[in-house]
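Chains A and B, in that order, are what the protein sequence lines are.
Following the numbering used here, the numbering of the first sequence begins with 29 at its first residue and continues without gaps.
Following the numbering used here, the numbering of the second sequence begins with 29 at its first residue and continues without gaps.
Possibly wrong hints are sitting among the right ones.
Note that identical chains are pooled: a pair holds if it fits in a single copy or bridges any two copies.
[As the list claims (entries may be wrong)] Listed next, the in silico DSS-like pairs over lysine-lysine satisfying Cα-Cα at most 27 Å (straight line):
| hint | residue 1 | residue 2 |
| --- | --- | --- |
| 1 | K32 | K227 |
| 2 | K76 | K135 |
| 3 | K227 | K170 |
Because the hints were derived from the structure by calculation, they are not lab data.
Number of protein chains: 2
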Amino acid sequence: MASKTAERILLVSLELFNQQGEANITSVDIANELDMSPGNLYYHFKGKEEITAALFSMYQDRMKRVLFSPGENGLVIKDFFYFLYLTFETSHLFRFLYRNPSDLVAKYPYIEKGFKNLIKNKEKGFNQILNDFIKQGSLAVKREELVHLIELISMVLTQGLNYYVMKGDDIDDDDIIYRGLASVFFALSPYLDIEEQQKNDLQLAIANGTLDQ
Amino acid sequence: MASKTAERILLVSLELFNQQGEANITSVDIANELDMSPGNLYYHFKGKEEITAALFSMYQDRMKRVLFSPGENGLVIKDFFYFLYLTFETSHLFRFLYRNPSDLVAKYPYIEKGFKNLIKNKEKGFNQILNDFIKQGSLAVKREELVHLIELISMVLTQGLNYYVMKGDDIDDDDIIYRGLASVFFALSPYLDIEEQQKNDLQLAIANGTLDQ
Numbered sequence: 029m030a031s032k033t034a035e036r037i038l039l040v041s042l043e044l045f046n047q048q049g050e051a052n053i054t055s056v057d058i059a060n061e062l063d064m065s066p067g068n069l070y071y072h073f074k075g076k077e078e079i080t081a082a083l084f085s086m087y088q089d090r091m092k093r094v095l096f097s098p099g100e101n102g103l104v105i106k107d108f109f110y111f112l113y114l115t116f117e118t119s120h121l122f123r124f125l126y127r128n129p130s131d132l133v134a135k136y137p138y139i140e141k142g143f144k145n146l147i148k149n150k151e152k153g154f155n156q157i158l159n160d161f162i163k164q165g166s167l168a169v170k171r172e173e174l175v176h177l178i179e180l181i182s183m184v185l186t187q188g189l190n191y192y193v194m195k196g197d198d199i200d201d202d203d204i205i206y207r208g209l210a211s212v213f214f215a216l217s218p219y220l221d222i223e224e225q226q227k228n229d230l231q232l233a234i235a236n237g238t239l240d241q
Numbered sequence: 029m030a031s032k033t034a035e036r037i038l039l040v041s042l043e044l045f046n047q048q049g050e051a052n053i054t055s056v057d058i059a060n061e062l063d064m065s066p067g068n069l070y071y072h073f074k075g076k077e078e079i080t081a082a083l084f085s086m087y088q089d090r091m092k093r094v095l096f097s098p099g100e101n102g103l104v105i106k107d108f109f110y111f112l113y114l115t116f117e118t119s120h121l122f123r124f125l126y127r128n129p130s131d132l133v134a135k136y137p138y139i140e141k142g143f144k145n146l147i148k149n150k151e152k153g154f155n156q157i158l159n160d161f162i163k164q165g166s167l168a169v170k171r172e173e174l175v176h177l178i179e180l181i182s183m184v185l186t187q188g189l190n191y192y193v194m195k196g197d198d199i200d201d202d203d204i205i206y207r208g209l210a211s212v213f214f215a216l217s218p219y220l221d222i223e224e225q226q227k228n229d230l231q232l233a234i235a236n237g238t239l240d241q
């Protein structure tokens, strides 16, 4: 995967997949877009399956880095939203994976397995952080309700894009992320036991799209 | 659409589409499943496109009937959840539409337009009912926050299935509906200004899957 050409192939494939869906792109389309002969492309990747596999593994690596980044205790609620922002952003970069997950899962067994593990790890991460907040006293959610909160967050993060596509909303990438976060904030907000000022600041940072600053 | 054969073709197509995705089924697959010659199928529907169009229009009709059913004022919160149950159930019956919406929307212009209208009407319906609750005093949500609540509900209703598929959860149809409703209840619950007993009864009906009884 080290070669410059292989990297260029992956980036162009990612862009085409994101724009038109993996199912609608052939390896010949990718070669054409790169002004490359199909034979040359084949030298680097043995067909679209290998490209998809390489992209999925890039996605997994990035997600793992994001998911293991908080690690330490002592996160505050704002950090959690920043962490969600990063998770959302990374998924958005590989958004073709979320276009038709049922088909991808049926077609590629490693994606089926990989998605399961990723979502499991993601929800485990959320669970740990949210449990810390409950212990700290900044989140007043019963432990048995946590599963619903986590499902809501996870659904917004993984399915938000499809929803906006179906709705026909023409909004740009950063807006999608922040709109999702605003909905998560709405669901979480009544359960937050933090100072009113902090709460307002956080809501403002989400509304203004400045969480990452 | 009146003929018994046409009806049978649609029902079998719906089942195949739901199981394997519209993109993975050809009109020959449908004819085979029906023990029918492709020519006979063609006599009723000129290809898969016409079948998909007929199914989408069935879905639209059913959804319209559900969406216009509450109509009258004087709904209580429990009615709203029953209304969500019906909406969810109808979408679930035509769940192939939610498998890869981006592809369907790109392939069929009438689905693109139809989805937009449906989601718009659905959210308008939610908005009206929730606004009535605000007026009645049973829901304490600021009008400008309503958009987030509606997005959350709509996302759970339209994207819940893909989420459970990705997660690899093997749960049956009714469970998916009630699990989604439990997450909606979690988000809505702190904003509900109704008697504690009513709230507990509703939560129990959702947990036990007895909302429709």
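**OP:** Please name the hints from earlier in the document that this structure breaks, with their numbers sorted from lowest to highest.
**Re:** Failing hint: just 1.
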